[in-house]
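Trainee: Chain C is fixed; fit chain G onto it per the hints.
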Amino acid sequence: MSENHQISTMDRVSVGLAARYRKERRFRLFGISAIVASLLFLALLLASITAKGYTAFRQTEVLLDVYLDPAVLDVHNLATANYAALVRDAALALFSQVESRQDKRIIGKLISTGAAYRLQDLVTSKPELIGSTRPIWVPADDEVDMFVKGHIPRDVPEAERRVSDKQASWIDQLVAADRLKLKFNTAFFQAGDSREPELAGIRGAAAGSMFTLAITLLLSFPVGVAAAVYLEEFAPKNRWTDLIEVNINNLAAIPSIVFGLLGLAVFLNFMNLPRSASLVGGLVLTLMTLPTIIIASRASLKSVPPSIREAALGVGASKMQTISHHILPLAMPGMMTGAIIGMARALGETAPLLMIGMVAFIVDVPNSFSDPATVLPVQIFLWADSPERAFVERTSAAIMILLLLLLAMNAAAVFLRNKFERRW
Amino acid sequence: MAPAMDTILDMRDVIMGKDEAEAAVATKARKVDRDQRTTVGVPFVEEPRMICREVNVFYGDKHAINNVSIDVGKNEVLAMIGPSGCGKSTFLRCLNRMNDTVASCRVTGEILLDALNIYDKKVDVVPLRAQVGMVFQKPNPFPKSIFDNVAYGPKIHGLVNNKTELNDVVEDSLKKAGLWNEVSDRLDQPGTGLSGGQQQRLCIARAIAVRPEVILMDEPCSALDPIATATVEDLITELKEHYTIVIVTHNMQQAARVSQRTAYFHLGDLVEVGPTDRIFTNPRHQLTEDYITGRFG
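Going down the list, the sequences are from chains C and G. First residue of the first sequence: 39, per this note's numbering; consecutive thereafter. First residue of the second sequence: 148, per this note's numbering; consecutive thereafter.
Watch out, some of these pointers could steer you wrong.
Ranges between beta-carbon positions, derived for each pair [as the list claims (entries may be wrong)]:
#1 C/PRO344 to G/GLU312: 29 to 39 Å
#2 C/VAL452 to G/ASN309: 35 to 45 Å
#3 G/GLN336 to C/PRO260: 25 to 35 Å
Listed below are the simulated DSS-like cross-link pairs for lysine-lysine, each with C-alpha atoms no more than 30 Å apart in a straight line [claimed, not checked]:
#4 G/LYS323 to C/LYS275
#5 G/LYS310 to G/LYS322
#6 C/LYS147 to C/LYS204
#7 G/LYS302 to G/LYS221
#8 C/LYS340 to G/LYS285
#9 G/LYS209 to C/LYS340
#10 C/LYS357 to G/LYS268
#11 G/LYS291 to G/LYS323
#12 G/LYS291 to C/LYS340
#13 G/LYS268 to G/LYS221
#14 G/LYS323 to C/LYS357
#15 G/LYS302 to C/LYS340
#16 C/LYS457 to G/LYS285
#17 G/LYS268 to C/LYS275
#18 G/LYS269 to G/LYS221
#19 G/LYS269 to C/LYS457
#20 G/LYS323 to C/LYS221
#21 G/LYS221 to G/LYS323
#22 C/LYS357 to G/LYS285
#23 C/LYS340 to G/LYS268
#24 G/LYS221 to G/LYS322
Hints were generated in silico from the structure; no laboratory data involved. Where is the CB? At the ideal position from N, CA and C, for every residue including glycine.
Same shape as in the complex, but just chain C (with noise of 0.2 Å):
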């Protein structure tokens, strides 16, 4: 009897076992055709962006000599001289034939207005110049740009294209003359934002995030930490405890603009502190951080065992000292990487800065935490809405530098939690 039986347990397995691995097949069939699948739109978002940004990072720029006319040039007051007449004066020696007063003009807009700075720049460190003939390196004007990398295509009809048949000659012969170059484009990391393309950079928009983060990070990790501590570690389980946890995984969830009209009600109406600043960003986004922190670190606080909690407070611990001797080193490597994800996610968070006027257009670099400000997030809103063609390039350009940046932040998480992981 117990040998049929047998027989047909093995039976019914055999029938069910064709099924349950045609099911197991399935299932990873499923799970790689999704992996797939999020890997090819990754990888196609990467490669349009890297398609359309990487011309960014080279610009246009023509050699002029410049004739530092003593005439023009004050020494003793270089800052109001007009250097954009010596930089139109330059260009227009490039094209001794021209004569009409139109096509002057028009030579004279093939300079990029971020010439003249460049110009004053050089005179005002060396004035000894002044008097000689000096060739420099000026940026060409951003429609000479998008010519010269053939985003203007020569083929369409001359009505349609922004660049005319004698515009792209002139082109054309200062190219044959070597005076019309692709140089690397140092103004993008080192400029603050600007009307004219070729002069915009996100060296304003990055240490408008730097700020911002230093001081979501300075408020929201300790903060974040210490609250979840509290609530693990010391607050009674009762049903207000119960409350504030339901409000915490709330919050994570609330509309990140929401945050910003918080701000904009609070900080700025109400306490007064300067608009558009960094200042009021960071606090802005702390709040958004906080309740992941908060999540996270009570993730990683519950996930250290009870063993360790009981080994110490078994030679006598109290319980501060087991929760700052063993309790928050084991607990840090997760506390770490919810705070970076949340770092990352407040890098990324557009919404509520608008809210607190940190959209706003600004050409300087922000020096310190009061100072007007955007961030990376915002500055790629702005440029993306700006009709210029040369913008669509600094925007994905942007947007690659942001992707570097939250790809650096990542990394250092995975860093982090390996370094300090510690097994028990």
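Mentor: Structure of chain G alone, referenced to chain C:
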């Protein structure tokens, strides 16, 4: 098998009828209703270190320990045995107030350590736990070096004044725990890298580094192999010279080997207490007998 055992037990009763009174008590105890349990045997000793009187423990509404009164004698090993869920670990954890960490846990009655009621509101658990150390079921060294594991207690209690004294305490504790020879050349390596038996001895060293008066052991050998178990048992026998030890164990041979007195718990009641050899050879209560003869448990 079961009827044979009964016969043997009956025979033993007949053969062993040395003490009429004792036999009468035993027979009476078997006849009483199983729900009505008063402790059989003498739970009190002449020179007690800890005195527990009418201790009740509740987890919320659950009555986990029912009116337990027992003494723990000086320099003795008291073994607590009983089936799973009988409350012996709960009772053990009352002795240094480790149950305080369980929010729903409520303890009534008196537990005295050298005439001090440890459940008095004025008593601070930190010095109490320095006096009553604990070794847990699963070895739980801190994820720190071997040295730091042992040095932690003396450091936080300020028992040492300088590095030399600390070194001495660590060496002494590791020697007492029988671990010194195995780890003396790698004190800076993580305690978690030791084998299970070594980890448990490290935890014992950590407990005795604070120089407690009583050491509570909650099934200290349940995660160890027989060789490591033997080492720990030898250690317990040696530690008895200096310390009072209360040990919870599922292993009855272990209780028989290491303890002087044994307490049998059943569903929150202290059913029987007595000298270990008497409990194992001549249990007076039916439940004790059933348990130690392996009829349940």
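Trainee: Is it true that the CA of C/LYS457 sits at most 30 Å from the CA of G/LYS285?
Mentor: 27 Å, holds
Trainee: Please test the hint of 35 to 45 Å on the beta carbon pair from C/VAL452 and G/ASN309.
Mentor: 41 Å, holds
Trainee: Under the criterion that the straight-line Cα-Cα distance not exceed 30 Å, is the pair G/LYS302, G/LYS221 satisfied?
Mentor: Cα-Cα ~27 Å, so holds.
Trainee: Given the hinted pair C/LYS340 and G/LYS268, is their Cα-Cα distance within 30 Å?
Mentor: The hint holds at about 29 Å.
Trainee: Given the hint that G/LYS269 pairs with C/LYS457, test it: the Cα-Cα distance must not exceed 30 Å.
Mentor: Status violated; Cα separation ~43 Å.
Trainee: Are the Cα positions of G/LYS268 and C/LYS275 separated by 30 Å at most?
Mentor: Answer holds: G/LYS268 to C/LYS275 is near 21 Å, not above 30 Å.
Trainee: Measure nothing beyond the straight line between the CA atoms of G/LYS291 and C/LYS340; if it is 30 Å or shorter, mark the hint as holding.
Mentor: 20 Å, holds
Trainee: With a cut-off of 30 Å on the C-alpha distance, tell me whether C/LYS357 and G/LYS268 pass.
Mentor: 17 Å, holds
Trainee: Take a quick look at whether G/LYS323 and C/LYS221 sit within 30 Å of each other, Cα to Cα.
Mentor: Violated. G/LYS323 to C/LYS221 sits at ~75 Å, over the 30 Å cutoff.
Trainee: Within 30 Å, alpha carbon to alpha carbon, are G/LYS269 and G/LYS221?
Mentor: 25 Å, holds
Trainee: With the threshold set at 30 Å, check whether the alpha-carbon distance from G/LYS209 to C/LYS340 stays at or below it.
Mentor: Holds - the C-alpha atoms of C/LYS340 and G/LYS209 are around 26 Å apart, at most 30 Å.
Trainee: Within 30 Å, alpha carbon to alpha carbon, are G/LYS291 and G/LYS323?
Mentor: 21 Å, holds
The structure shown violates the earlier hints numbered 4, 19 and 20.
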